[in-house]
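Student: Sequence lines, in order, name chains F and H. Those letters in the first sequence? Residues 1 to 283, per the working numbering, in order. Those letters in the second sequence? Residues 1 to 283, per the working numbering, in order.
Simulated from the structure, these hints should not be mistaken for laboratory data. Bear in mind the structure is a predicted one, so any value in this text is a computation, not a measurement. Even glycine gets a Cβ: it sits at the ideal position worked out from N, Cα and C. The reader is advised that the hints may include incorrect statements.
Claimed, not checked - Output of the computed footprint for chain H on chain F, the stretches with three or more beta carbons under 8 Å from beta carbons of chain H: (1) 243-250; (2) 253-265.
What the hints assert, rightly or not - DMTMM-like, lysine to aspartate or glutamate: derived pairs with alpha carbons at most 20 Å apart: (3) F/K128 x H/D258; (4) F/K128 x H/E234; (5) H/K192 x H/E174; (6) F/K187 x F/E16; (7) H/K128 x F/D273; (8) F/K128 x H/D273; (9) H/K128 x F/E269; (10) H/K171 x H/E234; (11) H/K204 x H/D191; (12) F/K128 x F/D273; (13) H/K128 x F/E16; (14) F/K102 x F/E280.
What the hints assert, rightly or not - Some chain H residues flagged as far from chain F (calculated, every beta-carbon gap over 12 Å): (15) G19; (16) V20; (17) N50; (18) P81; (19) K102; (20) I120; (21) G150; (22) K171; (23) K187; (24) Q200; (25) R246; (26) P249; (27) A251; (28) D258.
There are 2 protein chains.
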Amino acid sequence: MSIQPNNTHYTEASIERIGVDGLFYAYRAVGRPTDVPLICLQHFTGTLDNWDPLVIDGLAQNRQVIAIDNSGIGCSDGETPDNVQDMAVTVVKIITALGINKCDLLGFSLGGFIAQTVAITNPHLFRKIILVGTAPQGTIALHSFPQLAGRAFAMEPVERYLYIFATSSEKSREKIKATLDRLMARKNDRDKEISMTAIQAQTKALTRWGTDQVTLDLSMITHPVLIIQGSNDEMMNSDSSLELYRQIPNAILTFYPDSSHGSFNQYPEIFVDQANSFLENFL
Amino acid sequence: MSIQPNNTHYTEASIERIGVDGLFYAYRAVGRPTDVPLICLQHFTGTLDNWDPLVIDGLAQNRQVIAIDNSGIGCSDGETPDNVQDMAVTVVKIITALGINKCDLLGFSLGGFIAQTVAITNPHLFRKIILVGTAPQGTIALHSFPQLAGRAFAMEPVERYLYIFATSSEKSREKIKATLDRLMARKNDRDKEISMTAIQAQTKALTRWGTDQVTLDLSMITHPVLIIQGSNDEMMNSDSSLELYRQIPNAILTFYPDSSHGSFNQYPEIFVDQANSFLENFL
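All chains should be built: construct the whole structure from the sequences, respecting the hints.
Tutor: Listed below in structure tokens is the structure:
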């Protein structure tokens, strides 16, 4: 176990590496070491640099927060799988290699697919789970994910980010633009950008989450779960979070107004308050 | 203005009275006086003694909280109207008589109907609004409210309380039983119990909220709104809160798991954290 223990701010946390089966996986840790750290699983195309430092620092006030890069993402070795199941296996290996035997999970979008999976395959490894901007297997909106990704990649980077993470309202765009500014503020020790090969594999994995046969029985998730979604998430279809909430027995569901796939980045103070309350006070 | 300023705990707050048009209305105030106090509007049959002191004390940590009895309820003078519109007029008169020109509102159930109404008739009087276990006008579940109330009144008091406010799960019943214990702990200076006349008028008002013509355009509510509902509220139909959320432009919606009409009493710590975060940090 080699978790860097004492970073106060995510922007000051350097990239660490943990070895698993001869491969090295990248992560950043922030906050005091705690018995139950929070592991963060990232969205499509995202690396360690795509976690809003305002959110991570807020969550790290009372616990250690560890963001990890899956196989072939950022500075992690390996190939990016074209399916969520293999990504989930890697997550469990990384957590185990870090010497953690109980943690909380924050899964954002694709990271939320992985979180749902490991909650069922390795239930004892997890205490509580936060799912942001995500959806259950079989979500029809994901059938056309390649088309949505194609439209996004045709845009210049700032507009692409706003297209995915903001609504069309001026207020939402301004707040998500502020998120993007926070993501770009870091100049040193940035993670490696995602490769085209990894993007293609992730695109297939996201699409398959919608089109493949449903294999997970979400009613088996007995952990306390906090589900956060924006009012207008085109990628996941916001109503998918209602489906998660209806299938997971012990879940809180919250929708934020006038927000898209970047719901928790658009309301960082509200999200941090709610997530901390959930992690500390929800029984 | 005669608000009692310095009670730290709701159970120590005595019943005060404020005069309006020759009638006196009962209220209790707790917490340090603040520029924007929180006014609490009570549910069907509820008096000042039906606010969970754990919730009120939690909300009063950083603000003054004032619970009021509407016309003909508890120690308030007057007759209980058979419609929400007249109750709303009284609320505005009481707030104005207390010398308040800007406040937050917490409306629970019937109190939430009143909150929706005054948010539209007197928008400038309010800053933020919390709606718990409530529903928009026209909610079909309320068409059979007299039957539901009839079933409830056939039960002995503890079972009646659990029937309305808890689900059938042991966990929910235990938590709501704990709420009831907190409500009953106060021995001195209790409010007057509701009269049969007032119950009949309120039953009519609740039913009419479902059956009368829809007159309120909820899209006109421009205040930040926090909507809280249980997963299994038979009285209001939980999905009614989705309707509120979809019609009110700037609303957060949260569902709590395995809970009924007493959602915020079943999760008092989570609710207090979320309400305080909303009142202090939501823009």
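Student: Next pair to validate is H/K192 with H/E174; report whether the Cα-Cα distance is within 20 Å.
Tutor: Judged against 20 Å, a Cα distance of about 27 Å means the pair is violated.
Student: Test the statement that H/P249 is away from the interface with chain F: the closest C-beta pair must be farther apart than 12 Å.
Tutor: Violated: least Cβ distance 7 Å, not greater than 12 Å.
Student: Mind verifying the non-interface call on H/K187? Its CB should be farther than 12 Å from each CB in chain F.
Tutor: 29 Å, holds
Student: Mind verifying the non-interface call on H/P81? Its CB should be farther than 12 Å from each CB in chain F.
Tutor: With a cut-off of 12 Å, H/P81 remains clear of chain F, as the shortest Cβ separation is near 32 Å.
Student: Within 20 Å, alpha carbon to alpha carbon, are F/K128 and H/D258?
Tutor: 17 Å, holds
Student: Looking at H/Q200 again, its CB stays over 12 Å from all of chain F?
Tutor: 36 Å, holds
Student: Does F/D273 lie within 20 Å of H/K128 when you go C-alpha to C-alpha?
Tutor: 18 Å, holds
Student: Is the Cα-Cα distance between F/K102 and F/E280 20 Å or less?
Tutor: Given pair F/K102, F/E280 holds - Cα atoms ~15 Å apart, limit 20 Å.
Student: H/K102 clear of chain F by more than 12 Å, beta carbon to beta carbon?
Tutor: 22 Å, holds
Student: Are all C-beta atoms of chain F more than 12 Å from that of H/G19?
Tutor: Holds, because the least Cβ-Cβ distance between H/G19 and chain F comes to about 39 Å, which exceeds 12 Å.
Student: Given the hint that H/K128 pairs with F/E16, test it: the Cα-Cα distance must not exceed 20 Å.
Tutor: 44 Å, violated
Student: Taking 20 Å as the top limit, are the C-alpha atoms of F/K128 and H/E234 close enough?
Tutor: Not satisfied, since the Cα-Cα distance of roughly 28 Å exceeds 20 Å.
Hint check: violations occur at hints 4, 5, 11, 13, 22, 25, 26, 27, 28; the rest are consistent with the structure.
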